[in-house]
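Modelling step: build the complete structure from the supplied sequences, incorporating the hints.
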Amino acid sequence: MTLLTEVWSVGRVQDVVVGLRLPRVIIGILAGGALAVAGVLLQTITKNPLASASTLGMNAGAHLFVIGSIVFFPATLGSYPFLVAFLGAATAAILVMMLVGKAMEPVRVALTGMVVALLFSSITGSLQLIFENETNGLFLWGAGTLVQLDWSGVQFATGLIMLGVVVALLNARSLDVLTLGEDVATSLGQPVTRVKGFAWVSAILLAATTVSVVGPIGFVGLIAPHLVRMMGIKGHRAILIHSFLWGAILLIVADILARWIQPGQEIPVGAMTALIGGPWLMYLAYKTGRKHSRRQTKLGGNVVAAPFSLLVAGSVALALGVFLLSVSYGAGSFFSLQDWMDKAYLSPFVWQFRVPRIITAFVVGMLLAMCGVLLQGVLRNPLADPTVLGITSGGGAGAMVFLVIFPAASIQLLPFAAMVGATLSIAIILLVTWRSNWEPILLALMGVAVSAVGSAIIQIMVVKAKMGVAPALAWLAGSTYAKSWSELQIVFFMAVITIPLGWLLIRKLDLLAFGDDVSTGLGMNVGRTRLMAIALGVAMGAASVSVVGTIGFIGLLAPHAVRRLVGVEHRRLIPLSLLVGGILLVAADLVGRFILAPKEIPAGLVVAVLGTPYILYLLRKT
Amino acid sequence: MKREAIVANELTLGYDEKVVIDQLDLEIPTGEITVFIGGNGCGKSTLLRSLARLLKPQAGTIILEGKSIHKQSTKDVAKQLAILPQGPEAPEGLTVMQLVKQGRFPYQGLFSQWTKKDEEKVQNALKATHLTELADRPVDSLSGGQRQRAWIAMTLAQDTDIILLDEPTTYLDMTHQIEILDLLFELNETENRTIVMVLHDLNLACRYAHHIIAIQDQGIYAQGKPEDVISCELVRDVFKMECQVTADPLFGTPLCIPHGRGRCIVKQEVDSFGPYKALS
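From first to last, the protein sequence lines are chains A and B.
Plus 2 on top of the position in the first sequence (first one is 1) and you've got the numbering used here.
Plus 25 on top of the position in the second sequence (first one is 1) and you've got the numbering used here.
Heads up, some of the hints might be wrong.
Selected chain A positions facing chain B (in silico; Cβ < 7 Å) [as the list claims (entries may be wrong)]:
#: 1; residue: 513
#: 2; residue: 515
#: 3; residue: 520
#: 4; residue: 522
#: 5; residue: 525
#: 6; residue: 527
What the hints contain is simulated information worked out from the structure, not anything from laboratory work.
For each residue, glycine too, the CB sits at the ideal point set by N, CA and C.
Printed below as a string of structure tokens:
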């Protein structure tokens, strides 16, 4: 005691410890514990080993709402980050629950949560890009960081977190009963709805509190409860307490590792936990996937009576229209009729910059749509697209690592680095799932895990490269900006090779939809077909990523919209998807150039934002 | 001269470490209906799946028409043998016609066109299953029995001598169970197809099967004509249940009446039903 007071009075150096480091450790303990407890609650109420605040999209929801409030209502809502974060987390949770339906099938929950998280974070990304100045200080927070400048964060969080943990502990016995199933719990006289309500609210409370103080940090809530369960600890009271401790330990260790990797600089601890947690998620996904692998997902489609030839003709006309409109727009105005007469489109500026950019957009749109068709066919899952299999984040990570290691290298080589990254991540997924003959559910779950690792690498590299955040964000958001004829060559070449090859697979893709047993029974080599289709899809996805960065959702949107129109047969699905994919990206590019002219919004973000309502509708339907 | 459609030698099956079937020898007679019976989890479905090369054996061989099944290309196998797995699911919105057409997959190459013969086989399959009128209806709008018929039509379009079915009557009500089994019986009678299936209902198995194979303890407990094989001892050993075996009053095939508890409204000791005698 005397020592402490002496040290206290003697050195101002200790102020650093008390003022900065101590609150950092304490907030780490609180946040780690809170996330772990939230993880336990969510895993129990959704009966899902893969549930946590991050996998259910709650972190992303809170993040979006906070950024949004700072941008749009800086005066009022911006000063109550907790309330805003709470609203965001709750919105995400409700959204995922609504979309998944009552059954809460683990794989579905994981995929839906991931798509919701992806949606939210792409909107967040676009807000950060457009309102660069307003959100400038928030990048580090947005990736999750324990940096504390004083004790205010701790003071704020302690009460709320304790409240959440106590509510959880009071419900421990009810949660034990709930694990037997809702029907059993009801027949044992438990008010199931109330217990679940309490659990949801406290989980959201805990997640929102941590997000508003330290930003979205993933994986702690996933790993800690599993560690505890693996140690053989039974009963929710014990599990909750142990998880709190392990969550705290994990987060502190991750924070120390992050500071140790790059001394003197802040690597977001959220990226660190994702890096550590990704392989863990892969392991969990493997176990869960094996247990549920006998369940089959279905691809849906409507057989509308619309004649196919009419649809194709309409799409071609639409494509031409969008194309001409896009060529004619630039520098804030459209071509007049007179400009067309004067052949203004042949002017060097338009010919060198606008035309290749638009054609590139169209070809990339086609590639992404085809990639989506292939992957959805293989995974027998309507939610599959290049993002889900980790192709996009793998490609992004590859490009970022390349930028950091060879800062002087020519930017021309970036596409190849992206391609290597994408291939590497898909190779890992394929190797790990090889023994299961590339079981669709396992593939999807591994994809989720690998893309989490990929995004973590991207975040770490962004910090490590001290990159101006905006250009990095723009590339990651997927931009068709300044694409030249030489870049067009890459995608064009790729399209000419891969699309006809994909066409050869149509009959087999049709057959894959019936499940492994039926298609094997009909004499198809299921494993080989999957491998071929995935290889093709990856080649397409990687080529696109390498040229325009990470544009998601086209691979999801185009095949879906088309499947509603022409049904599940690939000989109709493929040509129309190609057209729709191309149209979508060209249109997105045009909208992105138009809305905030002369500023440009990356096409990838336009797709994400405009596609959101449709994707939500689609998630609800499937 | 009668050849065996499928022969298995020293077949060992299992998942990972767990052995389900151990060194089993088996012969499936050509042109007959063979039914596997056995308790839950005895491995009868596993055995059927392995005969259709859906599951790779850990050891042993399966001979289809004189050649090892794993040495033939999977497409060639598909021209000799069709399998209808348990509870198959069709993509949403798919029509009956589109489903049945898939049965022609093994006959189509990368570029080959839809031929007259393909069309004929599909039409015959639809006719045999009485689905011609429903051909344009989506599969998921059909009743359970109709849906199962559509899947059977797909395996028929495959035009194979052997058809394997994994519990084709599960989840169907009694009317539809009989409807499906009658259909399969008819296919065997008129077209002489070899049919191998797993059935849960012992009594229906006895009625429809020429050859019954009881699986128990990782191997075959007994096999032969139902009237020769089915006995109280068999049911006791295979299903772990006491029962009385009598003759089906309509067909004369063995009828198994389980013991146990329940309301009794005849003044009769259960033991006095008398032993079963096959009616010739």
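Cross-check of the supplied hints:
1. 513: Holds: closest Cβ of chain B sits about 6 Å from residue 513 of chain A, inside 7 Å.
2. 515: Check passed: Cβ of residue 515 of chain A comes within 4 Å of chain B, closer than 7 Å.
3. 520: Cβ of residue 520 of chain A sits 5 Å from chain B, so the hint holds.
4. 522: 5 Å, holds
5. 525: 3 Å, holds
6. 527: 6 Å, holds
The structure meets every hint from the earlier list without exception.
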